[in-house]
Amino acid sequence: MKIYLSLMLLFPLFGAAISSLFGRKLPRRLVETIACAAVWGSFVCAFLAACTYRAPEKVTLGDWLSAFDLLAPLSLYLDPLSLSLAVMIGFVCGLIHVYSVFYMAKELDYARFFALLNLFVFAMLTLILAENLPLLYLGWEGVGFCSYLLIGFWYTDKRNADAGRKAFITTRVGDTALVIAVAWLFQLTGSLSITQLNGMAFLLPGGVITGIGLLLLVGAMGKSAQVPLMVWLPDAMAGPTPVSAMIHAATMVTAGVYLLARMFPLIGGSATVTAAVAVTGGVTAFYGASCALAQRDLKRVLAFSTISQIGYMMLGVGAGAITAATFHLLVHAFFKALLFLGAGCVISAMHHEQDIFKMGGLRRTLPLTFWCYLAGAACLAGLPFTGGFFSKDSILAALWLKGGGLYRGLYLLALLTALLTAFYSFRMVYLVFCGENGRPHVHAELKAMQWVLIPLALLGLFGGLLNLPDYLGGGFLNGFFARLSGGAAAEASHLEELALQGVASVLALAGLLAAHLRYGGKARAQRLKESALSSSALTMFLLNGWYFDRLYHAILIRPYQALSGVLWRRMDEGVIDDSLDRLAAGLGASGSWLGGWTTGRISVYIFSFAAGGALILGYLAWLTL
Amino acid sequence: MTFDFPILTLLILLPLCGSLLTLACRRSDLAARRVALFFALAELAVCAWICLASLPAAPAGAPAGFFLFEDAAWIERFGIRYTLGMDGVSLIMVFLTAFISAIAAVVSWKGITERIPLYFALLLALEAGIQGVFLSLDLFLFYLFWEAMLIPMFFLIGIWGHGRRIYSAVKFFLYTFFGSLLMLVAIISLYLMHGAQSGSYTFALGQLIHTSVPYGIGLWLYAAFLFAFAIKFPLFPLHTWLPDAHTDAPTAGSVILASLLLKTGAYALIRFGYPLFPEAARAFTPLLYVSAVIGISYGAWVAFAQEDMKRLVAYSSVSHMGFVALGIAAWSPVALSGALLQMVNHGVTTGALFALVGMLDERTHSRELATYGGVWGKAPVLAFFFLLFCMASAGVPGLNNFVGEFLVLVGTFRVSPAAAAGAFLGIVLTLVYTVRLVQEILFGKEKKPLALADLTLREGGILAVLAVVDVYLGVHPGPLLELMKTPIALLTGGK
Amino acid sequence: MTVPLYHVLILAATLFSLGLACVVAWRANVIMMLIGIEIMLNAVMLTFVGGSAQWGIADGQLFALMLMALTSAEVSLALAMVVYLHRRKRSVNTDDFDSMNG
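Residue numbers (the working numbering), protein chains in the order written: chain P, 12 to 636; chain B, 0 to 494; chain L, -3 to 98.
It is worth saying that the hints were derived from the structure and are not from the lab. Cβ atoms here follow ideal geometry from the backbone N, Cα and C, with glycine treated the same way. Hints may be right or wrong, so weigh each one.
Stated by the list, open to error - Restricting the straight-line Cα-Cα distance to at most 25 Å, the calculated cross-link-like pairs of lysine-lysine (PhoX-like) are: (1) P/Lys169 to P/Lys36; (2) P/Lys69 to P/Lys117; (3) P/Lys169 to B/Lys109; (4) P/Lys369 to P/Lys533; (5) P/Lys117 to P/Lys458; (6) B/Lys484 to P/Lys117; (7) P/Lys540 to P/Lys458; (8) B/Lys377 to B/Lys444; (9) P/Lys169 to B/Lys377; (10) B/Lys377 to P/Lys36; (11) P/Lys540 to B/Lys446; (12) B/Lys377 to B/Lys484; (13) P/Lys369 to P/Lys540; (14) B/Lys446 to B/Lys377; (15) B/Lys109 to B/Lys377; (16) P/Lys458 to P/Lys533; (17) P/Lys36 to B/Lys447; (18) P/Lys117 to B/Lys109.
Claimed, not checked - Okay, the calculated beta carbon distance ranges per label pair: (19) P/Ala621 to L/Ser72: 34 to 44 Å; (20) P/Leu567 to B/Phe37: 24 to 34 Å; (21) P/Arg35 to B/Val464: 15 to 25 Å; (22) P/Trp604 to B/Ser188: 28 to 38 Å; (23) B/Leu173 to L/Trp51: 53 to 63 Å; (24) P/Pro67 to B/Val464: 35 to 45 Å; (25) P/Ser546 to B/Gly162: 33 to 43 Å; (26) B/Gly477 to P/Glu364: 48 to 58 Å; (27) B/Gly477 to P/Ser546: 30 to 40 Å; (28) B/Asp3 to P/Gly73: 51 to 61 Å; (29) B/Trp48 to P/Arg40: 19 to 29 Å; (30) P/Arg35 to B/Ala47: 32 to 42 Å; (31) L/Val78 to B/Gly194: 51 to 61 Å.
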């Protein structure tokens, strides 16, 4: 097991090292091959680890930080949660690497691109597999760093670079909360090991657990783009599309969910924390879906839908249904990666046009992309019997079963969100693929890229098999995760479950119908005409993501910039330095004033000498008399 | 094996001899450079030998924890002795000094064009002074080296600097000198007090520790020490000499200033300040906390506003050294380990950043952020290193600064959550200015055509060595932590 | 009858004050200042001799002799400088020689 785990990490790390150090000297094909081989090698290791997996296992690879009683070795922990994620990451990232080879075929700086992709895979796997919190943080920051550079990959455009910076700094805000939680846990328990901490939950007072849970939640908010730290994700779409697929849809953004799931045994005991997680998730799910309704940029639609879907996962964690959340995380990774890669094909075919109102007609010209994309959209919308349907439904069911006013309310909110999701998914499909006005450019790379979509489409559609409801024979994940704390969800009766699924499917179909009525057939042309006109205030509100960007700009960024200048000019140079300069000038002036005595005239000197002598004599006389 | 060779004296004499020899190379500049580099490397080799050799754990007469010790009478009338000692902490600092000095010699290979022999002689003299500070165990000797460090640095800034170099050099000198005079007063008071109590007048640290100082007087004496060290650190609000000195110093001067001179303050606080006045130090801890926490955020915040790269990096030093101060203030084993690691890490990373800024400056003769842009496209290797060191400076884990900052934060949180809480803000603010630096220089479009060649072999070599150290310390700080374990346990009375 | 010591001392002090007053007041002429200095030195010599007579020890007289030698050397040097300065500046007023100001 140790060899699998270490190789799983070392392959991408070496790939990154080779590409970054020698990439510019090596032939292009070789760099691409190495990059892909590294990730697929990693996947094979994950797969082999899965085959030989028997029980949760802790593997120590080496020594990292050990200062007195603070111990943070390079140790990994393999349990169902990390294992399932590692396999998913290896597979999805492997596919995306292959896709990237074709997508970036014309890019000159391929070495940097593949080095960063490989480094990302390494960091992501470290995050997933880490056994202690500092190591997890290493992965956590590592993915943030790769995301920063990959968003700003085309750095000559200032907007791309700014988007990367925004992502890096916004997530750092959350990361800080994570570090505080780590420091606090160390203060309380003297341990940083995740397994040990999870076993110590009962030792800690409830208030402390709530505090730590909320800090971890803030950490998760940053990474997983939850309200109120979600502003970076839509802008992150400035990166190349494979990056968006890999980092900002399938893997990195779900790290927050993973963190909460991983620490759930510790923080799940606090009702406040679970409620806060659930509320965050519910609000974010609704926020993302509402914004996705009005977006015009294809990738931004998907970005907001990612925000919304991660909100669902958070809801699952908040409801205590770790299995459901992880199930949705896995299936979402497949279909969202599929949608992004499909979007990449579309964008590439449309000469890098991203406005969905300027697309159309791709159903006939890019049939393979269309069918795969349709499968992805169906999963996203939660049409019955797709993977997305089952996973989303398990979260809804968990919410319903949790009971209580808050969770019932969140259930209704989640249902409303499901309706919106179905609507915007098919709005996107109708606008992009139907109608006539597209003249795609089908090139050789595009044909190759399309093939990558097929396995993802199959996985998305049939992802439900991972965890079928009980009435269909029960799920694999349920059994696999049963031993995790929070893994065994509350059991619903078959009838109840069927009823819940019925409601969900009706809503999904209703959303599809609404989208068809508004954007399908002849209505589509009407909408295209409207889109050229100025939009209503509500549309603008949704299009701009509820104006959160402007809010943050006004209350955080501008004051920060202004104050930094004030601190420098007024405080540092104005007060501290100036007062010292003045002191120095004053001393100098008094010195030259005293120096004025040195006139050079002997008479003055002699007089001073005589006066001094007289003074001393007088003093001595005064002493003796 | 008994070990009689005075290797610590060698560590001080080697650069000093090198300095004199370099000065003798009046004819050939190349010879001067080579002699200087040779002596710097020889010093480094001696340090490496100390690390590798299995030295006896405790030589005769040495205080606990010291594995090299030299003691000889010097000015017996005043109880002044020539006492040098090396424990794990000194070894780390001495090694860092030798390493950075060698780097500094290579950095200034081409950049310095006037009075080359004198320049390199001063560089080596400076190294000798710093080594002396890190090795002395006699307060008088320590003070001597402490002042001796100032003189070469003063001339380095004043002669080979840029901009308002005289102003900056004088400012630097006055600031530090003022602090050290107060320290001298405190040293002499302590000396007299100890003499009056025990009858033996001595400057030896090991004996002065046992002086029983009345609490009130201890506060004043410690305040004088702290003031001197805080200026060197530099702690908020005594930091304003630093941006000026850094900005106007030649590249190697900035490197040594940031990497080594600032560390002497922190080192002296650990070696002399706390052990001599434990009670007073505890009383001053809140002040140190406040100053450190403000320094961390304030330095980062002001750094964000800078237009001059060198000034930006200089303010970042204020922020980073705030972490060191925080770890020392906490005075717990973990936090103190973190503070020491952070000293080394800051030395390597910030030194590298100054070297990089110097390289950019040599190419374009501008340090304004506004002139740069799109460097990545023009000089990818340089950009790679720039990014690496910036990320290290921002505390990205896997690179060295993270390790120190993390230990400091976690260790401090344990002792004083309130103080640590203030410092967490620094994590975000540090990233903000670092990313701005990266953004303005590496990314975007070229603002105006710059003659930006990529790194030469010499420059690439310097940066590669520093980068390897950065990554090594980031992923495997174990040996360093092991070295400092015994001294820290002795200092803090910890486990 | 011997002269009491304090009479000698009073005389010496008076002489010294006169010499000092001359030096301080008569600064228009370097020569006069030199004369004042001579008078002060003589006052000192008188003190030495008086002390020597009082305690019967020859040290004071010895010093007086040495002072005489010293004075003659000093005066010759000083006069040489005065001549030199006079050549350069055409003046013997001390206030004209102020180039050593701070």
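We went through each hint and held it up to the structure:
{"no.": "1", "hint": "P/Lys169 to P/Lys36", "verdict": "violated, 28 Å"}
{"no.": "2", "hint": "P/Lys69 to P/Lys117", "verdict": "violated, 44 Å"}
{"no.": "3", "hint": "P/Lys169 to B/Lys109", "verdict": "violated, 35 Å"}
{"no.": "4", "hint": "P/Lys369 to P/Lys533", "verdict": "holds, 16 Å"}
{"no.": "5", "hint": "P/Lys117 to P/Lys458", "verdict": "holds, 15 Å"}
{"no.": "6", "hint": "B/Lys484 to P/Lys117", "verdict": "violated, 54 Å"}
{"no.": "7", "hint": "P/Lys540 to P/Lys458", "verdict": "violated, 32 Å"}
{"no.": "8", "hint": "B/Lys377 to B/Lys444", "verdict": "holds, 11 Å"}
{"no.": "9", "hint": "P/Lys169 to B/Lys377", "verdict": "holds, 17 Å"}
{"no.": "10", "hint": "B/Lys377 to P/Lys36", "verdict": "holds, 16 Å"}
{"no.": "11", "hint": "P/Lys540 to B/Lys446", "verdict": "violated, 41 Å"}
{"no.": "12", "hint": "B/Lys377 to B/Lys484", "verdict": "violated, 45 Å"}
{"no.": "13", "hint": "P/Lys369 to P/Lys540", "verdict": "holds, 11 Å"}
{"no.": "14", "hint": "B/Lys446 to B/Lys377", "verdict": "holds, 12 Å"}
{"no.": "15", "hint": "B/Lys109 to B/Lys377", "verdict": "holds, 22 Å"}
{"no.": "16", "hint": "P/Lys458 to P/Lys533", "verdict": "violated, 30 Å"}
{"no.": "17", "hint": "P/Lys36 to B/Lys447", "verdict": "violated, 29 Å"}
{"no.": "18", "hint": "P/Lys117 to B/Lys109", "verdict": "violated, 40 Å"}
{"no.": "19", "hint": "P/Ala621 to L/Ser72: 34 to 44 Å", "verdict": "violated, 25 Å"}
{"no.": "20", "hint": "P/Leu567 to B/Phe37: 24 to 34 Å", "verdict": "violated, 54 Å"}
{"no.": "21", "hint": "P/Arg35 to B/Val464: 15 to 25 Å", "verdict": "holds, 21 Å"}
{"no.": "22", "hint": "P/Trp604 to B/Ser188: 28 to 38 Å", "verdict": "holds, 32 Å"}
{"no.": "23", "hint": "B/Leu173 to L/Trp51: 53 to 63 Å", "verdict": "holds, 55 Å"}
{"no.": "24", "hint": "P/Pro67 to B/Val464: 35 to 45 Å", "verdict": "holds, 42 Å"}
{"no.": "25", "hint": "P/Ser546 to B/Gly162: 33 to 43 Å", "verdict": "violated, 54 Å"}
{"no.": "26", "hint": "B/Gly477 to P/Glu364: 48 to 58 Å", "verdict": "holds, 54 Å"}
{"no.": "27", "hint": "B/Gly477 to P/Ser546: 30 to 40 Å", "verdict": "violated, 60 Å"}
{"no.": "28", "hint": "B/Asp3 to P/Gly73: 51 to 61 Å", "verdict": "violated, 39 Å"}
{"no.": "29", "hint": "B/Trp48 to P/Arg40: 19 to 29 Å", "verdict": "violated, 48 Å"}
{"no.": "30", "hint": "P/Arg35 to B/Ala47: 32 to 42 Å", "verdict": "holds, 33 Å"}
{"no.": "31", "hint": "L/Val78 to B/Gly194: 51 to 61 Å", "verdict": "holds, 55 Å"}
This entry does not satisfy hints 1, 2, 3, 6, 7, 11, 12, 16, 17, 18, 19, 20, 25, 27, 28, 29, going by the numbered hints stated previously.
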